[in-house]
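S.K.: Sequence:
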Amino acid sequence: MGVTAEARGEREAGERRCWLVKSEPTTFSFDALLAADERTTPWDGVRNYQARNFMRDEMRVGDAVIFYHSNATPPGAVGLAEVASPPRPDPTQFDEGSRYADPTSDPADPRWFLVDVRAVRALPRMVTLQEIKAHPELNEMLVARRGNRLSVMPVACAHLDVLVALAERGDDGRDAAA
DNA sequence: GCCAACGTTGGC
DNA sequence: GCCAACGTTGGC
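Each residue of the first sequence is one higher than the one before, starting from 304 at the first, in the working numbering.
One thing to keep in mind: the hints can contain errors.
Said to hold, decoys possible - Here are the simulated distance ranges between beta carbons: (1) 331 <-> 427: 17 to 23 Å; (2) 452 <-> 316: 17 to 23 Å; (3) 414 <-> 473: 18 to 24 Å; (4) 392 <-> 468: 36 to 42 Å; (5) 408 <-> 440: 37 to 43 Å; (6) 436 <-> 460: 27 to 33 Å; (7) 374 <-> 405: 22 to 28 Å; (8) 317 <-> 468: 40 to 46 Å; (9) 399 <-> 449: 20 to 26 Å; (10) 406 <-> 351: 37 to 43 Å; (11) 353 <-> 443: 15 to 21 Å; (12) 413 <-> 461: 32 to 38 Å; (13) 471 <-> 405: 40 to 46 Å; (14) 408 <-> 342: 25 to 31 Å.
These are computed hints drawn from the structure, not numbers from a lab.
Quick caveat, the model's predicted, so the values are computed rather than measured.
We put the CB at the ideal spot given by N, CA and C, even for glycine.
Based on the sequences and whatever the hints tell you, model everything.
M.R.: Set out below in structure tokens:
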């Protein structure tokens, strides 16, 4: 027996993992994802090693994703999505015309990776950053931490669940479905 | 528009 | 390996 999968940093079979991705709505909104072909888009252009590592090494097809609008008024979580593909090299790194081109990346050993992200459903209402910060549980979320600039980050699935439940209540605390 | 926080780059 | 300079992110 010996070392567990967890101790090796691997995932138990069936283990649920959750994530948060950020996008500026003026660049690519959740509505744009809902309108996209197959409600899916390659999450390209990520040029941060930590965020890349999450996509390349840890995300799995079917993982739940919170879609967050950054640089918005107000910023906040607006939708649910899922990881829709295994990781693959981000083609924009080799596209000279792309703002994401990276001439130092070797096609035989690509530096940047992406996964496809598919929209699942919009939240019944936005859960704002302000609300996340004010919530006794959600304020532990990385996205609420000062100075955090990761565009792809892990989220405790318990936090995702709380956030969704919050969205399903009105911002007045009432059941939005009632 | 401002500015704090942070990652990257490059000189040494 | 250190660290100052610089560019970017993102809340406000």
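S.K.: Holds or violated: the 22 to 28 Å window for the beta-carbon distance between residue 374 and residue 405?
M.R.: 23 Å, holds
S.K.: Honestly, do residue 413 and residue 461 meet the 32 to 38 Å range at C-beta?
M.R.: With Cβ atoms ~34 Å apart, the hint holds.
S.K.: Per the hint of 17 to 23 Å, is the separation of the Cβ atoms of residue 331 and residue 427 within bounds?
M.R.: 22 Å, holds
S.K.: Okay, residue 408 versus residue 440 on CB: inside 37 to 43 Å?
M.R.: 40 Å, holds
S.K.: May I ask you to test the hint 37 to 43 Å on the CB atoms belonging to residue 406 and residue 351?
M.R.: 18 Å, violated
S.K.: Does the beta carbon distance between residue 471 and residue 405 stay inside 40 to 46 Å, or does it fall outside?
M.R.: Since the Cβ atoms of residue 471 and residue 405 sit about 41 Å apart, the hinted range of 40 to 46 Å holds.
S.K.: Honestly, do residue 414 and residue 473 meet the 18 to 24 Å range at C-beta?
M.R.: Since residue 414 and residue 473 have Cβ atoms about 45 Å apart, the given range 18 to 24 Å is violated.
S.K.: Do the Cβ positions of residue 392 and residue 468 conform to the proposed distance bound of 36 to 42 Å?
M.R.: With Cβ atoms ~37 Å apart, the hint holds.
S.K.: Could you tell me whether the CB distance from residue 436 to residue 460 stays inside 27 to 33 Å?
M.R.: 20 Å, violated
S.K.: Take a look at whether the Cβ-Cβ distance between residue 317 and residue 468 falls inside 40 to 46 Å.
M.R.: 23 Å, violated
S.K.: Can the suggested window of 17 to 23 Å be confirmed for the beta-carbon pair residue 452 and residue 316?
M.R.: Once the Cβ atoms are compared, 33 Å apart, the range 17 to 23 Å for residue 316 and residue 452 is violated.
S.K.: For the pair residue 353 and residue 443, does the Cβ-Cβ distance stay inside 15 to 21 Å?
M.R.: 19 Å, holds
Hint compliance for this structure: hints 2, 3, 6, 8, 9 and 10 are broken, all remaining hints hold.
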